[in-house]
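*Asks:* So the chains spell out like this:
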Amino acid sequence: MDIGRERLELLKEIMAIDFSLVELNLYLDTHPLDQRAQRLQNEYVTICKDLKEKYEEDYAPLTHVYASECPWGWIEEPWPWEINYEMGGI
Amino acid sequence: MWIYEKKLQYPAWVEGCDLQIAKLLFAQYGGPDSELSAGLRYLAQRYNMPIPEAKAVLTDIGTEELAHWEIIGTLIYKIINRATPEELKAAGMGPNYVEHGRDVYPADAAGVPWTAAYIQAIEDPIANLHEDLAAEEKARTTYEHLINSTRDRGVIDTLSFLREREVVHFQRFGETLRLVQEYMEHTKCMR
Chain A
-15 MDIGRERLEL LKEIMAIDFS LVELNLYLDT HPLDQRAQRL QNEYVTICKD
35 LKEKYEEDYA PLTHVYASEC PWGWIEEPWP WEINYEMGGI
Chain B
17 MWIYEKKLQY PAWVEGCDLQ IAKLLFAQYG GPDSELSAGL RYLAQRYNMP
67 IPEAKAVLTD IGTEELAHWE IIGTLIYKII NRATPEELKA AGMGPNYVEH
117 GRDVYPADAA GVPWTAAYIQ AIEDPIANLH EDLAAEEKAR TTYEHLINST
167 RDRGVIDTLS FLREREVVHF QRFGETLRLV QEYMEHTKCM R
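For the protein sequence lines, the chains are A and B, in the order given.
Quick note: the first sequence uses my numbering, first residue -15, plus one each step.
Quick note: the second sequence uses my numbering, first residue 17, plus one each step.
Since the hints were made in silico from the structure, they are not lab data.
There could be a bad hint or two in this list.
Calculated lysine-lysine pairs in the DSSO-like style (CA-CA distance at most 30 Å, straight line) [claimed, not checked]:
{"hint": "1", "chain 1": "B", "residue 1": "Lys22", "chain 2": "A", "residue 2": "Lys38"}
{"hint": "2", "chain 1": "A", "residue 1": "Lys33", "chain 2": "B", "residue 2": "Lys105"}
{"hint": "3", "chain 1": "B", "residue 1": "Lys22", "chain 2": "A", "residue 2": "Lys36"}
Construct the entire structure; sequences and hints are all you get.
*Replies:* Have a look at this one:
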């Protein structure tokens, strides 16, 4: 399912920054005193928050922690497995 | 607890309709060294870990494995969703179609249902972490076998990402094992 160019680009940006945060999370678990990684983590958290806020304001909820108009926006399609990420196929 | 986020960890995509690889992808969906086994193994092993680093690593990698399980499920769904029953049957997925339709049921590439007998949790952190290190290497090898089994660029791209995660997890588990061993040496000295 296509979600439109601008929305897709923003979603992919969120996926990328969230992945960076997963990677930093695992690294910091075994290197809790690494200040450089900690600074990077903190910086990415701010960027991530802003991007998600924009996505939820402009398009759709990412989690159920979402103040919705009626009808309840969470059930709207597409779900993640239905999205065409336009990487060269479906 | 866990909260669902309406996105994948990686933009999983498929180029064509390689039903053979869809069948084989079940190895990583419901096989012994699957993402499902990995996720449940780590989440079951975390309760009695002796140091906070180890509790965190098992919780966080266990959680990431569930996101990988979803990516594998998405690849399978994208491939089989548009296939007719005849096409599925011709690709050797007839039994899977009859028993599960186009739902993505946790079984291995040969159709054997997933079982908790694939995994262990035995309290001893050294034994648990060695199982985890082996699990990551077995999953990495499984990904290499899968990548060697298709020409679909989307499947190869997505599986290459997942293969790299196994390498990173192996690294983190190795560091965790070292930290646990240091902790145990230290507590032995203090007694």
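*Asks:* Each of the hints needs a verdict: does it hold here or not?
*Replies:* Hints versus structure:
1. For the given pair, lysine 22 of chain B sits about 15 Å from lysine 38 of chain A by alpha-carbon distance, which is consistent with the 30 Å threshold.
2. Straight-line distance between C-alpha atoms of lysine 33 of chain A and lysine 105 of chain B comes to about 47 Å, which puts the hinted pair past the 30 Å bound.
3. A hinted pair counts as satisfied when its Cα atoms are at most 30 Å apart, and lysine 22 of chain B with lysine 36 of chain A qualifies at roughly 11 Å.
Figure legend: structure checked against the earlier numbered hints; the only hint not met is number 2.
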